[in-house]
Structure formats: structure tokens, C-alpha cells
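Undergrad: Spelled out, the chains give:
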Amino acid sequence: MRADTSVRTSPLAAWTDRLADLAPALTAAERPFLTQLTVRASDPVAVARMGEALGVAFPADPCTATRGGGPFGAVEVLWLGPDEYLVVAEPDRRVPVEDALRAALRPARGAVVDTSAQRTTIALSGPHARDVLAHGCAIDLHPSAAPAGTCVQTLVARAGAVLRVDDAESGAFTLLVRSSFAEYLAAWLSDACVEYRAALS
Amino acid sequence: MQLIPCPWCGPREEAEFHYGGQAHVAYPEDPRALTDQEWARFVFFRDNPCGPFAERWSHSAGCRRWFNAVRDTRTYELLSVYRVGEPMPEVSERDEVVS
Numbered sequence: 001m002r003a004d005t006s007v008r009t010s011p012l013a014a015w016t017d018r019l020a021d022l023a024p025a026l027t028a029a030e031r032p033f034l035t036q037l038t039v040r041a042s043d044p045v046a047v048a049r050m051g052e053a054l055g056v057a058f059p060a061d062p063c064t065a066t067r068g069g070g071p072f073g074a075v076e077v078l079w080l081g082p083d084e085y086l087v088v089a090e091p092d093r094r095v096p097v098e099d100a101l102r103a104a105l106r107p108a109r110g111a112v113v114d115t116s117a118q119r120t121t122i123a124l125s126g127p128h129a130r131d132v133l134a135h136g137c138a139i140d141l142h143p144s145a146a147p148a149g150t151c152v153q154t155l156v157a158r159a160g161a162v163l164r165v166d167d168a169e170s171g172a173f174t175l176l177v178r179s180s181f182a183e184y185l186a187a188w189l190s191d192a193c194v195e196y197r198a199a200l201s
Numbered sequence: 001m002q003l004i005p006c007p008w009c010g011p012r013e014e015a016e017f018h019y020g021g022q023a024h025v026a027y028p029e030d031p032r033a034l035t036d037q038e039w040a041r042f043v044f045f046r047d048n049p050c051g052p053f054a055e056r057w058s059h060s061a062g063c064r065r066w067f068n069a070v071r072d073t074r075t076y077e078l079l080s081v082y083r084v085g086e087p088m089p090e091v092s093e094r095d096e097v098v099s
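From first to last, the protein sequence lines are chains A and B. Sequential numbering of the first sequence, starting at 1, is according to full-length UniProt numbering. Sequential numbering of the second sequence, starting at 1, is according to full-length UniProt numbering.
Read the hints as simulated data drawn from the structure, not as lab findings. A portion of the hints provided could be inaccurate.
As the list claims (entries may be wrong) - Heads up, incomplete: computed chain A residues facing chain B, CB under 7 angstroms, no partners named: (1) Pro-62; (2) Cys-63; (3) Gly-81; (4) Pro-82; (5) Ala-138; (6) Gln-153; (7) Leu-155; (8) Gly-160.
Ideal Cβ placement from N, Cα and C applies to all residues, glycine included.
Based on the provided sequences and hints, a complete structural model is requested.
TA: This is the structure:
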């Protein structure tokens, strides 16, 4: 028998059970291996063309994200900077999405880079998701200040993260965190959650 | 903690930013013509005013872009922020003296 060394291991593979234990106060689950492409382009025509290729218009305003479906399935585009976007798609869609973006970008100057391994994704929801995040994140996540579609790069418990608001009313968030910080953030989440777990049980 | 208004992301905590020294320090037009003294002045010497001071800041934990800010060195109050390439806006200097 041959040892299989090609099994992918996500940064939070060892944390699946411990994150699941945080429910019901906080529902936290890793969404591993998402396709992530960093796009740099400042030409608005090329940016619009890339949006058409994906079937999702790129976000026009700072600190927002767009999502939708197109030829590559569900795709999200996050604003990271004035000429920088993060395209997030389902796992293993890198090659077709990257090709389509490159074709749409030409002849404008820019870059499409595969950064799928750079960050992992944690989906957060639950009655205390906002309270737990407030312990380590200075962004006002009340629905009146951060409606669905808000997407900020900020510090969560001193770790750099991209925080997207999926559902402002029920408090569903997505955290994209560097793979090397993922275990730290998972440990911080389970620690920050202690008081709410006690209150609910 | 002071909030710094990033020109792109809006007000964020000071901990997300990094300081980049004095703004509007132009690189020498003819670098080869400079003497050692002139190079030393360009590299090491910066203004140190008591009052409004144009500085560079980087929103390093956010959009990671550089921008300029006018800060009152007496009060640490940021009087204005503006993007790189934009002219320095007129700021009204406040005469309050902080002990």
C-alpha cells in the first residue's frame, strides 16, 4: 500500500470540532480551499469587462463587496484597495476564472494572481457573533453602520483580517484570515466566546 | 484611541496605521550634483514645527495605501487628510496652547 501524500489539509483542519463546540452562541466553521485571486487594475473599462466575464460587477465603493452567480458558479468580489480586488470562487475553479480575468483585463495594465493558499475563510453566525467580534474588532458592525455587503480589511484581535458582512440583521459574517494566523484567531474566538456559552447553557 | 480618517476607508483606529515621516520632500532633481552635506540634509533633516505639519501615513492594516495628513504637533489632532498627488489643503491653525 502506498501512502497518500496528496491530501490537502486546511489551516483549521485540527479545529473543526472545537469550532463546532462554540454553537449555539457562535456558529463558526471553516470554508477551506476557496479559490482566491487578487486582481490589480485601475482602468475602469477593464474592471467593468472583468465583472462581465464573471457575471458579477466589481464593487464600485470602498469597503464593499459584491456577489452573484455566473459562468463560474457563485463568485464574490471584495474591495481591498483603490485598484485592488479579491475574487473568491468555489474550490478548484482557479484555472478557468484566472484565464477569464486575464482575457478580460487585456489590453489594460494590471495583474491577476492566484492567492488561494494565502487566506482561509471562517463563516461566523449566531446570536452572539457580533458580541464576540466586538471584543477584538473596532469596526461598528451594527446593521445601521455595516449593512450586508460591507467588507473591510481591519484588525481582529490584532490579526489582520478581511471581514465581510453577509447578513446584517441576523449577524452573519465571513472572516478571511492569513493561513498562518488562522489557528491563533480560532483560539481567540473560542476564548472570547466563553462567557456567552455559559449564558446559553 | 484616536481615529484617523483614511481617505479611502474612513475613520479607523490609530493602531491600523503607520507613520511615514514628513510629506512633500522632493527627491533631488540632479542627484549626482549633490555634495555629501546636501545628501545628508536630504536624507536626515526634516522640519520640526510647533503646529500643523504635513506627514505621510500608511493605512497598513486596511487598504495599505499611502496618504498625506496635516497634524498639529502640539495637540496630535489631525487637521486634514488628502491623497498622494493632491495639493496640501489650507488648514486653519488653531491657536490653543496645550500645556
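Undergrad: Now look at each hint and say whether the structure bears it out.
TA: Hint check results:
1. For Pro-62(A), the interface hint holds, the least distance from its beta-carbon to any beta-carbon of chain B being 5 angstroms, beneath 7 angstroms.
2. For Cys-63(A), the interface hint holds, the least distance from its beta-carbon to any beta-carbon of chain B being 6 angstroms, beneath 7 angstroms.
3. Interface restraint check for Gly-81(A): the shortest CB-CB distance to chain B comes to about 4 angstroms, inside 7 angstroms, so the restraint holds.
4. Look at Pro-82(A): its Cβ gets to within about 6 angstroms of chain B, closer than 7 angstroms, so that hint holds up.
5. With a cut of 7 angstroms, the hint placing Ala-138(A) at the interface with chain B holds, because the nearest CB-to-CB distance is about 5 angstroms.
6. Annotation: interface hint on Gln-153(A) holds; nearest CB of chain B at approximately 5 angstroms, less than 7 angstroms.
7. Hint status for Leu-155(A) relative to chain B: holds, with the closest Cβ pair at about 5 angstroms, below 7 angstroms.
8. Because the closest C-beta pair between Gly-160(A) and chain B is about 5 angstroms apart, less than 7 angstroms, the hint holds.
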